[in-house]
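Engineer: Residue numbers (this note's numbering), protein chains in the order written: chain A, 44 to 524; chain B, 205 to 302; chain C, 597 to 1080.
Think of the hints as simulated: they come from the structure by calculation, not from any bench. Heads up, a few of these hints could be off.
Claimed, not checked - For lysine-lysine, the following BS3-like pairs were computed, each having C-alpha atoms within a straight-line distance of at most 25 angstroms: (1) A:K442 / A:K413; (2) A:K105 / A:K331; (3) A:K66 / C:K932; (4) C:K680 / B:K282; (5) B:K288 / C:K1059.
Unchecked claim - If the Cβ cut is set under 10 angstroms, some of the chain A residues that face chain C in the computed set are: (6) W51; (7) I88; (8) A91; (9) V95; (10) V98; (11) Y131; (12) Y138; (13) P323; (14) F496; (15) G499; (16) Q500; (17) M502; (18) I517.
Claimed, not checked - Rough simulated footprint, nothing fancy, chain A against chain B, three-plus residues with beta-carbon under 8 angstroms: (19) 224 to 231; (20) 245 to 251; (21) 256 to 270.
Where is the CB? At the ideal position from N, CA and C, for every residue including glycine.
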Amino acid sequence: MKNYSEEWEAVIGLEIHVQLSTKSKLFSGASTDFGALPNTQACNIDLAMPGVLPVLNEEVLKMAIKLGKALNAEINSPTSFARKNYFYPDSPKGYQISQMDKPIVENGYLDIETEKGGKRIGVTRAHLEEDAGKSLHDDFEGQSGIDLNRAGTPLLEIVSEPEISTPEEAVAYLKSIHSIIRYLEISDGNMAEGSMRCDANVSVRKIGDETLGTRTETKNVNSFRFVEKAIQYEIERQINELESGNKITQETRLYDSQVNTTRPMRSKEFANDYRYFPEPDLLPITLKKEFIEEVMATMPEMPNQKRERFVSQFSLSEYDAGLLAAEKDLADFFEEVTKVSTSPKLSANWIMGELSAELNNENLTIKESKVSSDKLGQLISRIEDGTISGKIAKDIFEKMWSSGKEVDEIIQSEGLKQVTDDKEIESMIDEVIQGNPEQLEQYRSGKDRLFGFFVGQVMKASQGKANPKQVNDILKSKLEK
Amino acid sequence: MALSDQELKEIAYLARINVSEDSLSSLKKELEDILDLFQQLNEADTSEVNAMSHPLDLSQPTRKDEVTEENLREELLKNAPSVKSGLFLVPKVIDGEN
Amino acid sequence: MDFHKLSLVEQLEGLKKGDFTSTELTTHYLKRISSFDEQINSFITVTEEQALSQAKAADERYKNKNNLPLDGLPIAHKDIFCTKGVLTTCGSKMLSNFEAPYSSTVYDKLDKEGMVMLGKTNMDEFAMGSSNETSYFGPVKNPWNTEYVPGGSSGGSASCVSAELAPIATATDTGGSIRQPASLCGLTGIKPTYGRVSRYGMIAFASSLDQGGVVARSAEDAALILEAMSGHDPKDSTSLKLEKPNLVKDLDTPIKGKKIGLPKEFFEKEMPSYVEKSIEEAIEVYKNLGAEVVEVSLSNINLSLPIYYIIAPAECSANLSRYDGVRYGYRCEDPKDIEDLFMRTREEGFGAEVKRRILIGTYALSAGYYDAYYLKAQKCRQLVANDFSEAFKSVDVILSPTTPGTSFKSGEKTSDPIEMYLQDIFTIPANLAGLPGLSIPCGEHEGLPLGMQLVGNSLEESKLLQFAYSYQSNTNWHKKMPNI
């Protein structure tokens, strides 16, 4: 494939569907729990029985307002619902209750960071709508089975401006939205279970062109990595088509992660026409000022605010602060550790180094960590107070991870306490110098880099327990003699 | 107000109502007569009027986020034309197409 | 005993005094239904067993002196109201096998007051029609003359009450479906303010226009039941958050000094002289009771018909999308794929008028026509509503004929939809504005009854019933019943 980046640019917009973590559905009192037996959580309203009517779940308004605030957006009042008409067996009413003219959230933005720096992406709107059911295709002798448990589960559809230019930016934007919804605790954001889904609108144009190219919509891509790959594939496909003199068809495509391609969905005899119109079963919603203020008062600190605070309060680098703040659980863990350890910098390093490595190895989340924030804090304290060296700490950490024991217990039982007695260190150094006359000779004749050799020997002799700084200082003065 | 065969077929498809070829022309005539009736509205000056979607000028009530519905699957599925393992059966659906 | 000659109010008194039992009363009506309904086809389902057991329970309560407010009174329900475990068809083949898994709020409220359901009444399919000839279960006949239609869509409810097969019946009104059949069958029919009666479990035709009410033999009977049906329902987001109105208690409030408006746009229309004469006589009655009569102008009222035939079909096109053969109701034979299932189920399950309206509504909402039709209609709807608001600044009620004339013969208008639509020309405006309206008998022509309509300001159904009650206290039109 030809390198396109010099001639072509991509224009990407994302539509992200976020399933809201309410107890009951958007318009009915049926449960939203995931994984129940088919149709056991679909009540007469979800099944669109004749005569039923929708009643709005108040919680979704709060969730949408919080999201709007986090996206620096306007909250529309009144906001209203509309019917989007289409036939599909998993859409029981033959229309979806959604929002058209007056979405609850409008005109926001989100600042993202990629390796190439920061960028502001506009958020056009976020609107409330109901999820559809599911079609199952196995074991029904050529028929499909319809499960409506998911039908009516509340969704927020977050629509970005077409201001994303690369697959990397798309992923950064998606991750940022993910981080926000997790912070706000309005969704678990689980892409594998479908509680966060992403459709990508992609078009390409020659750099410098004013007009947008014809776009395609790639639907339901279910992981961060696949979003990146699907968009990458779609950009390359479109460039290839255009370079070969072909045209892009405006169409909806499905991403196939098995073979990393997108393919068009079968087109229908006639174009769809959703015939949106105001939902007559629901009135426009006026959001009272006090209601909005009440919700605003419950806003947690958001990732960006947290990052800035971590920089100013703990003197972390922007980069470290950003990594920690991206995930709420991680950030909370970090703050717990600093309460015990008093060294934020060391705490950050440990969390993002040793701890993250172990978590990754065993595919655990931070909440499932086998070393608690308390215990990690104690370990770091022992480094700070000189009880153990950083190197010993790594061994101890592994032991803590596998045994669940506390740091002091391991230091005690294995005699790992750091040697800080000058005299004791001096005698170890003397022994090392005496045992290596040749290297001493070479060092004194100017081979400075042998200093490291002596440090290593001393540390070895102390089984790693000698305080490295003291070793350094004493060794230097002895060698210079 | 004239309606083409193609337009009528498209509308019928959007509404998912099969219209047989032999009823096409009489149906078209009936619909055209009704559409003619609508022309009267052109006389009205609505430049200063807001659209009225609803007779009530009130705000939407809401309910608390509580699970109030129990599992009534067996009862609710009683009316279904075709059911297996608690699912509504339909001719094969190809995923993602709507 | 000729129980059916007693008014509902008298029946309640009799039950309370122990003059007769609900079982006797109910059995009497069930017998009348089985003897006479064959002639008029007003019931789709007769719930004999359930009725007798409800009656028995009511009698028990009377015996134990813990009776409910309307205990043991029989009622027929329009087959648009879902009734748990009972066939609920909405007059359609689509739901010809549908046993509702839950009950409508209207049914529940009346059930809780002790009322006995005699059965489910015939209606135009999905409430679309003005002659009760679109029902999948066959046309309903007018008891005054069975060659004539009873009106629609609540034709079964009107016909059975008129034939005294039930003392009262529930009904619904989207563009006149209570008032027009009431007029054609010589009954008192009231459609309250939009939002007064819960729409939960009332199968939707056009959500922003539909409203439940009753057809009765007098304003007094209507007030009794409408009051019990009314009230806020948290299951209906468009239900008004108001206490029940005091319809019964305030019924005999005199109308002296109140103002009646006559919309000049209605009276400019050419109308048969017998209609004109009946209305003039009614006006005289009111004048004699001390009411003042003035002319009012509703300058956009003539737009009502086209507005209605855009908005109602648009809403119905979406409301009826759920009938797709997947979860309940009719399904076509051997669908070859999912599209075929939808297309043929809906082709075969819906009748001609329903399909016509779905197609019109789909067209009015489709890309390119939305602004010209749907949006324009919504704006014009506001104009009509504004006209009423303006008029009600100076009058208490607005009086007009309910229908352009008395009933017409079966089959007379079925071939011309627009002719049929004109039946509702006087009744539609109240639905557009969400206002209460009622029809009461005020005359007769060639053996067929005729009604006048009173439309009131928002929430003033009590005033409407006072006007009706005053009139009925001084005239006898409402007492005339057909011989069957």
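Engineer: Now look at each hint and say whether the structure bears it out.
Structural biologist: Hint check results:
no.: 1; hint: A:K442 / A:K413; verdict: holds, 11 angstroms
no.: 2; hint: A:K105 / A:K331; verdict: holds, 12 angstroms
no.: 3; hint: A:K66 / C:K932; verdict: violated, 39 angstroms
no.: 4; hint: C:K680 / B:K282; verdict: holds, 12 angstroms
no.: 5; hint: B:K288 / C:K1059; verdict: violated, 55 angstroms
no.: 6; hint: W51; verdict: violated, 32 angstroms
no.: 7; hint: I88; verdict: holds, 9 angstroms
no.: 8; hint: A91; verdict: holds, 4 angstroms
no.: 9; hint: V95; verdict: holds, 7 angstroms
no.: 10; hint: V98; verdict: holds, 5 angstroms
no.: 11; hint: Y131; verdict: holds, 8 angstroms
no.: 12; hint: Y138; verdict: holds, 5 angstroms
no.: 13; hint: P323; verdict: holds, 4 angstroms
no.: 14; hint: F496; verdict: violated, 77 angstroms
no.: 15; hint: G499; verdict: violated, 74 angstroms
no.: 16; hint: Q500; verdict: violated, 78 angstroms
no.: 17; hint: M502; verdict: violated, 73 angstroms
no.: 18; hint: I517; verdict: violated, 81 angstroms
no.: 19; hint: 224 to 231; verdict: violated (count 0)
no.: 20; hint: 245 to 251; verdict: violated (count 0)
no.: 21; hint: 256 to 270; verdict: holds (count 12)
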